[in-house]
Amino acid sequence: MSEKRIRVLIAKPGLDGHDVGAKVVAHALRDAGMEVIYTGLHQTVEQILGTALQEDVDVIGLSILSGAHLPIAEKLMAGLKTENAGDILVVIGGNIPKRDHEKLKAMGVAGIFPTSTHFERIVDFIKGAVNVR
Amino acid sequence: MSEGPKDAKGEKKKEEKKIRPVILESGIEIKPVYGPEDLTDFGYERDLGNPGEFPFTRGIHPLMYRSRPYTMRQYAGFGTPKETNERFKYLISQGQNALNVAFSLHSQMGIDSDDPRAEGEIGRVGMAVDTLKDFEIAFDGIPIDRISTSLTINGSAAIMIAMYLAMAEKRGVKLEDVRGNAQNDILKEYIGRGTWIFPMEPSIRLIADTIEYCHHKAPKYYPVSVCGYHIRESGANPVQEIAYAYCIARSYIRLVMERGLPPDEFVGRFSFNFDIHGNIFEQVGKFRAARRLWARIMKNEFCCTSPDSMQMKMIAGGGGGGLTIEEPENNIVRAAYYGLVSALSGTQTMALCSYDEAYTIPSKKAALISLRTMQMLVEEMGLADTVDPLAGSYYIEWLTNEFERRIMQEMTKVDSMGGMVKLVADGTIQREVSNQAYILEKKLQTGEIVKVGMNKYRQEGPREEQNVDIHEYNVDSAKEKIAGLKQVKASRDNASVKAALDKLRTAAKGKDNLMPYILEAVKTYATVGEMTNAMKDVFGTFKEPVNL
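In order, the protein sequence lines correspond to chains G and V.
Quick note: the first sequence uses our numbering, first residue 441, plus one each step.
Quick note: the second sequence uses our numbering, first residue 118, plus one each step.
Excised from the complex, chain G in its bound form (with noise of 0.2 Å):
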């Protein structure tokens, strides 16, 4: 089997500190075998987006609790666009109410994964969603 590891950024966009989830995901991640780089806490989107293209991941999750995920979204989604790197999946976890799904799915965000959302979910779902592109 020579099949190509994924590779995905987790990301703490902004002032939040709380990273015990980011960190969790990140374990979950590497368990199931895909190759994982956290950010480290205070990234603005312009530093996430640098490290996505120079570690040439193939997904972002960008892990937010401070309620300030629309905007965030919004900026990376488009400096993605800009940046021709369109490709890349992103996924957000973290306190994000129902009422903001649909909004996050039409800026391009692929998966939302609210807090206590089980591993083998976010995993079956990067893999699936990886592997058709």
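Take these hints with a grain of salt, some might be off.
Calculated pairs, DSBU-like style, for lysine-lysine (alpha carbon to alpha carbon, straight line, at most 35 Å) [claimed, not checked]:
#1 K545/G x K560/V
#2 K568/V x K430/V
#3 K660/V x K567/G
#4 K430/V x K337/V
#5 K620/V x K538/G
#6 K199/V x K653/V
#7 K515/G x K559/V
#8 K538/G x K596/V
#9 K134/V x K559/V
#10 K567/G x K539/V
#11 K596/V x K521/G
#12 K615/V x K530/V
#13 K481/V x K543/G
#14 K444/G x K567/G
#15 K515/G x K430/V
#16 K515/G x K603/V
#17 K559/V x K567/G
#18 K559/V x K545/G
#19 K545/G x K596/V
#20 K573/V x K545/G
#21 K560/V x K148/V
#22 K481/V x K515/G
#23 K206/V x K596/V
#24 K291/V x K603/V
#25 K337/V x K482/V
#26 K539/V x K430/V
#27 K515/G x K653/V
#28 K596/V x K515/G
#29 K538/G x K559/V
#30 K543/G x K199/V
Computed spacing ranges between beta-carbons, pair by pair [what the hints assert, rightly or not]:
#31 K567/G x G160/V: 29 to 35 Å
#32 R137/V x M547/G: 43 to 49 Å
#33 I566/V x P554/G: 16 to 22 Å
#34 P511/G x R185/V: 44 to 50 Å
Just so you know, these hints were derived from the structure itself, not from any lab.
These numbers were taken from a predicted model, which means no experiment stands behind them.
The beta-carbon is built from N, C-alpha and C at its ideal position, and this holds for glycine as well.
For this one, chain G is given, so just place chain V on it according to the hints.
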């Protein structure tokens, strides 16, 4: 019954083989029954002592809540200082007797409201503070001589403490009479919560500066509240919660000792902030052991003689980590039990996470329910009547002993690996805590640890935002905050602001205590961001070790 009578011991043994093992989150395996055989080496004087006496296992005061019930201090703050002031007044009018200020995230990070990085954050999770003016507004009409205030602030704590002291002075309260406390525990911010600004060394220096300054000028002020709470919320188990907090506290104490202050002079003004969720008895054992161990460490390791130094003072509150998004009303019940645990454990101050906090900052209604819960325990249910009511229980005393042993073991482990400061700097503690968080999350997902309504008896289907009023981000109040800052900047004496900031920057390069310089800048209405940047020019910023 066809079988003949059996002796009780044999019967018990046989039964025990059939039952499932119970292992607490702390890794302690517990038996179904405890008796005198579990406390063979138990000495009342040595292990418990009377309440108010060494080693303070039973509580730090002789009569505990009978002479003064625990302080009720709900965490509150949002939007502008004016909005926060209204919430403070409401809580006080309902019987709350202390305040606990929540700061906006950008204020916690030393960033002003008019900075682009604050966009979308102004007042979202706490009160936005830019200058002394904001403290004046937030505490307007609040009897600060009677109501003590806790500032939940870390990265920018030296500045916020200075603002509180300056505000109190302006109100005519002498510095030596100012009461209150600040969280001001930067080491735990590197482990969890993440509102760090400067690298570790200057950050810890600022902690020592505040302790030393308050010791000399504001001796009633508690400058540090070491937070096991956030370490536990980040994944640590209850043993690590206490062990890491004590290792952190020891680091601060040693640093201040290096400045020539003996511990008995300042350790009495240390307090702790601990977490409650999970197994009820485990928490009670944890707190009783923690109190005893602190007394022993202070007496034996730091050679303290003042009882005040040996008395572990704590705020112990219901932890957000115990609450669930599913069926949020269940969190009211959970918080009530957490409050019960806190009262049974002899806390000095209580605060409970409100039932809607898995969704939003607490609504007025949710905050009131939390306050009422704490009041019911004291005034309806007899929790204030008798000190340490679980003392002498075979199970609780055994658990207390076991906890003390394990906390010491964990502390020795930290010491043998190079000490807390080193292990935080290289990310070892962070990695340990996030590994624990991963293990815990897996146990929750498999149902090995049960959360009713979440991973057991779960209702499928739409679950969102039931009966919870989401706190909406208020764009108008954010605009008002920025306009207010503009006004302050226009009306202050900008030459003296600049002079004070220059002095602060210069002092940061040397070894002086920075508090007098910060206070001077605060009094010129310099902003949080301006002061932070002046120090950042010298200190730089922290580079996070990101080794998962």
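Structure-based check of all given hints:
1. K545/G x K560/V: 31 Å, holds
2. K568/V x K430/V: It holds: about 31 Å lies between the C-alpha atoms, which stays within 35 Å.
3. K660/V x K567/G: 32 Å, holds
4. K430/V x K337/V: Holds, because 14 Å separates the two Cα atoms, which is no more than 35 Å.
5. K620/V x K538/G: 51 Å, violated
6. K199/V x K653/V: 30 Å, holds
7. K515/G x K559/V: OK: K515/G and K559/V at ~33 Å, within 35 Å.
8. K538/G x K596/V: 27 Å, holds
9. K134/V x K559/V: Given that 35 Å is the threshold and the Cα spacing comes to 27 Å, the pair holds.
10. K567/G x K539/V: At roughly 39 Å apart (the allowed maximum being 35 Å), K539/V and K567/G break the hint.
11. K596/V x K521/G: Judged against 35 Å, a Cα distance of about 31 Å means the pair holds.
12. K615/V x K530/V: 48 Å, violated
13. K481/V x K543/G: 29 Å, holds
14. K444/G x K567/G: Since the Cα atoms of K444/G and K567/G sit roughly 12 Å apart, the hinted pair holds (cutoff 35 Å).
15. K515/G x K430/V: Since the Cα atoms of K515/G and K430/V sit roughly 46 Å apart, the hinted pair is violated (cutoff 35 Å).
16. K515/G x K603/V: 28 Å, holds
17. K559/V x K567/G: 20 Å, holds
18. K559/V x K545/G: Answer holds: K559/V to K545/G is near 28 Å, not above 35 Å.
19. K545/G x K596/V: 29 Å, holds
20. K573/V x K545/G: Distance ~30 Å between K573/V and K545/G Cα, so the pair holds.
21. K560/V x K148/V: 21 Å, holds
22. K481/V x K515/G: Measuring from Cα to Cα gives roughly 33 Å; hence the hint holds.
23. K206/V x K596/V: 24 Å, holds
24. K291/V x K603/V: Answer holds: K291/V to K603/V is near 30 Å, not above 35 Å.
25. K337/V x K482/V: 33 Å, holds
26. K539/V x K430/V: 27 Å, holds
27. K515/G x K653/V: Status holds; Cα separation ~28 Å.
28. K596/V x K515/G: 22 Å, holds
29. K538/G x K559/V: 24 Å, holds
30. K543/G x K199/V: Given that 35 Å is the threshold and the Cα spacing comes to 33 Å, the pair holds.
31. K567/G x G160/V: 29 to 35 Å: 60 Å, violated
32. R137/V x M547/G: 43 to 49 Å: 48 Å, holds
33. I566/V x P554/G: 16 to 22 Å: The hinted range 16 to 22 Å holds for I566/V and P554/G, with Cβ atoms some 20 Å apart.
34. P511/G x R185/V: 44 to 50 Å: Because 47 Å falls inside the window, the suggested range holds.
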